[in-house]
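Peer 1: Chain by chain, the residues run as shown.
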Amino acid sequence: MTDQQGFPLPSQITDVPGAENWRSMYQYFTRFQPDDDKRFWFYNSMHFPEPMPAFDTITSEIPYQAIGANTARLFVFPTTLGIEHRIVNGRVYITANPVLDPAEIGRRAEVFGPRAGYYFENWDSLYEGWKERVRGLIDEIESIEVPALPEWEDDAVVFESRGVAQNHYLQENFARCLALYSKMWHHHTEMLMLGYGAYVVFFQFCTQAFPEISDQTVARMVAGIDVIMYRPDDELRALARLAVDLAVDDLFVEGCAAADVLTALETRGAAGAQWLDAFAKARDPWFHVSTGDGFYHHHLSWNDDLTVPFTALPGYVAAFRAGAMRDRPTARLVEERDRIANGYRELLPSDDEQAAFDQMLGLCRLVFPFVEDHKFYCEHWFTTRFFQKIKAFGSLLARFGVVAEADDVFHLHHSEVDKALADLSLAWAAGTPPIGGAHFPPIIAERKRMLKVLRDWSPPPALGPVPEALNDPAVRMLWGVTAERIESWLHPDETEMHGVAASAGVVEGIARVLHDVNEIGEIREGEILVCPVTAPSWAPVFGKIKAAVSDIGGAMSHAAIVAREYGMPAVVGTGDATKRIRTGDRIRVDGDRGTVRVLE
Amino acid sequence: MNFVVTLAAASGAATVGGKGASLGELARAGIPVPPGFVVTVSCFAAAMAAIDPSGDLRARISALDAADLAGIATAAASLRARVVAAPLPDTVMTAIASAYGRLGTGGGAEEIMIDADVAIRSSATMEDSAAASFAGLQDTYLAVAGASSVFDHVRRCWASLYNDESVTYRRRLGLPEDSLGMAVVVQLMVRPRAAGVMFTRSPVSGDRSVVAIEGTWGLGSALVGGDVTPDSFVVSKITGEITGRRLSPKGRIHSFLPNGGGVTVGSAPPALVSEPCLTDDEIRALAETGRRVEAHYGAPQDIEWALLSGDAPAAERIVLLQSRPETVWAARAPAPVAAPKPRPSDHVLSLFGKPR
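Line by line, the protein sequences are chains A and B. The C-terminal position of the first sequence is numbered 600 in the numbering used here, with every residue numbered one higher than the one before it. The C-terminal position of the second sequence is numbered 1356 in the numbering used here, with every residue numbered one higher than the one before it.
Please note that the accuracy of each hint is not assured.
Pairwise CB distance ranges, derived in the manner of DEER restraints [claimed, not checked]:
(1) B:A1312 x A:L262: 54 to 60 Å
(2) B:V1273 x A:R31: 54 to 60 Å
(3) A:P17 x B:P1249: 42 to 48 Å
(4) B:D1227 x A:R332: 22 to 28 Å
(5) A:R586 x B:R1332: 43 to 49 Å
(6) B:S1205 x A:D351: 20 to 26 Å
(7) B:R1332 x A:D358: 44 to 50 Å
(8) A:G362 x B:G1012: 53 to 59 Å
Chain A is faced by these chain B residues, among others (derived, beta-carbon under 10 Å) [to be verified]:
(9) G1146
(10) R1208
(11) S1232
(12) K1237
(13) E1241
(14) I1242
(15) S1274
(16) D1280
(17) V1337
(18) A1338
(19) D1346
(20) L1349
(21) G1353
By construction, these hints were calculated from the structure, which means they are not laboratory data. From the three backbone atoms N, C-alpha and C, an ideal C-beta is built for every residue, glycine too.
Input sequences plus hints: build the corresponding full structure.
Peer 2: Rendered as structure tokens:
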């Protein structure tokens, strides 16, 4: 697949046998073009670790138009335009579009300076406004009604002379969902790219001043302590504690089903009612946390599927009873963070360098709360609500026989869903079954079949000629794509996996490979977690494991941050650990060097 | 002037040489060094006064041209032979024998005289920058036992001042022969499980936030002498994290056999060859010791260390054999990495405005 020289060209990728028709799932504007062979692309396995269902391509289509608009048109980043994406065999490849002409860079810098400066200068107040705007979008998406299409309209439509029947709102409200999703993504990137910029500047300074400093150490100096991504897990701990205090903890046993526990609590009098009340409060908004990171429709929230919280609760209850509840040691974390930062600061030889260090670190700490917390508002809260609405449209289509079941709607591109809704609107009005009932089911069945086939394809980590420099701010921080990483992709080590040394320490142990957060009930005390990528909803697992390995992620990724907080070794961004390690393998995780080795 | 001072009291390079002064300073700073004493430059002066009372021999060397290699070789060999062969003045001999005897008693109540195994190391007095490059030209003798052997090796250290290379070097720089002096350090041998060197900054990148450690099984002579490729480790001074770890097959081992058994050089036991010579705790303890020494001197150090075996915590098993200022990176003056800007965000603006 790869030769000594480099990665395959996009045009050299052949269709996966049995899924030759994959293009029918995706829009023409996501296909590789002949000229794309001249550019370097890498597989965005961080956000898109699986083949894309047709609807889910919206999670690349929308974010990339928002990110590109932010960097290229809104802040006018001098050296970079936007990110382009392409889909091949169901996988999303991306490239950052650089600006190379010095005159053009200068022209853009003139605009960029005052614009970016304005955001940095007013960061905290802008962030407050940002939260209001995004909360507004969340309110809006939550309030969107999916028409029920009753046999005939309510009296009110007539007696309040509304005049507009429900079928009109099929396409309007569906379009509003898409529009809100797009707006959410524009706000998502509104402050994020600048935030990453602050990180990149500090990382660069540290690696120049201390050439051997590890990314994880720089990240530890930056990390905020009170960020809301920890809230869902904190809520679970509080609920576990409450269960013990109220003496209803006997219901929380290993393997308990959420529905059974909730039903039983209703029979437990005032104590049960009090717990259920606390539970209801915790659910909104904290259980809107996604079990993934919001890039697939099957990344359900805890509210969608209570399995994850109810898998974690018995463990927390037991730990609390045993007096072994490991709370986040926030005081120690703050102290350690400041000790490390002071240690490096003192080694800087001049007052000037110390002052510059203070400025850059201060800037990172200024932006950190936004950089971390935006995920909860955007990828978790808003996005799980968004997918719930789309699924509700799916239920409606299923009721009218356009699709077999609600989730089938996710095998249609949003433009196809819009057509199906037009069809449904006509049919409901005409009093006939929608024609889509004969049109879509075979298409959906074929797409489901192809996705299964495509799942087994091993996408090359990158395509095209390797560029001389990678300096897009998002790329290094978020995806961990560096020159060294590309080198290891080109020359894979057969016995050892290389990733980002995300959290220090070396341990050996038994691997547990989990592909999905819904499987976290399988993990046993003291095992080593091996997973594609983690998100805040994986937090409960970190109380049990002794090390973490992920396919995807950089020094600031979720798994890295949480592992450092728990003081356990972690290697992230290995590329393919979940493919090369099997559950039960004995592995050695070296969080100092960023390597993972299968021992037996 | 004292002929002999204990290491703990050794100070002043003009009296005890650079190495002796440095070990004394370490000992007084609470850093463990093997117990020992220094044969001061007074002994050398007394011995030379007996060998060359008129100073003619040394004056003859002073008169040689640096390019006259044959002349240097002849004159130096003749003086070396005299230095090695001449009996020590009685006062010097008594002082050394008495200090050596005290090392052998181990300070216990029963004054059983045993011959202590000692390391004998030259300690040059030249304090200028050239001293650094001189260091390699003088000698260290390991596992010396018995007073007469100690005398012999002290004389050999002195004689090393008249190596062809040393003489040539002095002639090239026009350094005087008559004010030349040398002290000799005599220290109890240690029997390390592992030993090596460390730099309290990266020798590769100059990074001051790390300690770079190289080590091998047994005596450090296997490493210093190039007999093995050592294991190497890089430790962060700030976080204690071991950020670099390169293990090498360490097929040879230099072992010290006590009670006059000397030093043997042989194949390492197969089980040890590929094993790291230090545990993580030991690595961190060494780095911490290095950091303390650096803090004491206020500058990055180049340190020889040994790690004793035993059940005591790693920090208590470390002894240092030498510490001197790191010279390579100290000589460079790197440009400041960054300066403060009017507004913190200006750093971002300038980075992102930079053509790639």
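Peer 1: Does each hint fit the structure? Answer for all of them.
Peer 2: Right, here's what the structure says about each hint:
{"no.": "1", "hint": "B:A1312 x A:L262: 54 to 60 Å", "in the structure": "holds (57 Å)"}
{"no.": "2", "hint": "B:V1273 x A:R31: 54 to 60 Å", "in the structure": "holds (56 Å)"}
{"no.": "3", "hint": "A:P17 x B:P1249: 42 to 48 Å", "in the structure": "holds (47 Å)"}
{"no.": "4", "hint": "B:D1227 x A:R332: 22 to 28 Å", "in the structure": "violated (45 Å)"}
{"no.": "5", "hint": "A:R586 x B:R1332: 43 to 49 Å", "in the structure": "holds (46 Å)"}
{"no.": "6", "hint": "B:S1205 x A:D351: 20 to 26 Å", "in the structure": "holds (23 Å)"}
{"no.": "7", "hint": "B:R1332 x A:D358: 44 to 50 Å", "in the structure": "violated (25 Å)"}
{"no.": "8", "hint": "A:G362 x B:G1012: 53 to 59 Å", "in the structure": "violated (48 Å)"}
{"no.": "9", "hint": "G1146", "in the structure": "violated (47 Å)"}
{"no.": "10", "hint": "R1208", "in the structure": "holds (5 Å)"}
{"no.": "11", "hint": "S1232", "in the structure": "violated (13 Å)"}
{"no.": "12", "hint": "K1237", "in the structure": "holds (7 Å)"}
{"no.": "13", "hint": "E1241", "in the structure": "holds (4 Å)"}
{"no.": "14", "hint": "I1242", "in the structure": "holds (5 Å)"}
{"no.": "15", "hint": "S1274", "in the structure": "violated (14 Å)"}
{"no.": "16", "hint": "D1280", "in the structure": "holds (7 Å)"}
{"no.": "17", "hint": "V1337", "in the structure": "holds (5 Å)"}
{"no.": "18", "hint": "A1338", "in the structure": "holds (4 Å)"}
{"no.": "19", "hint": "D1346", "in the structure": "holds (8 Å)"}
{"no.": "20", "hint": "L1349", "in the structure": "holds (5 Å)"}
{"no.": "21", "hint": "G1353", "in the structure": "holds (4 Å)"}
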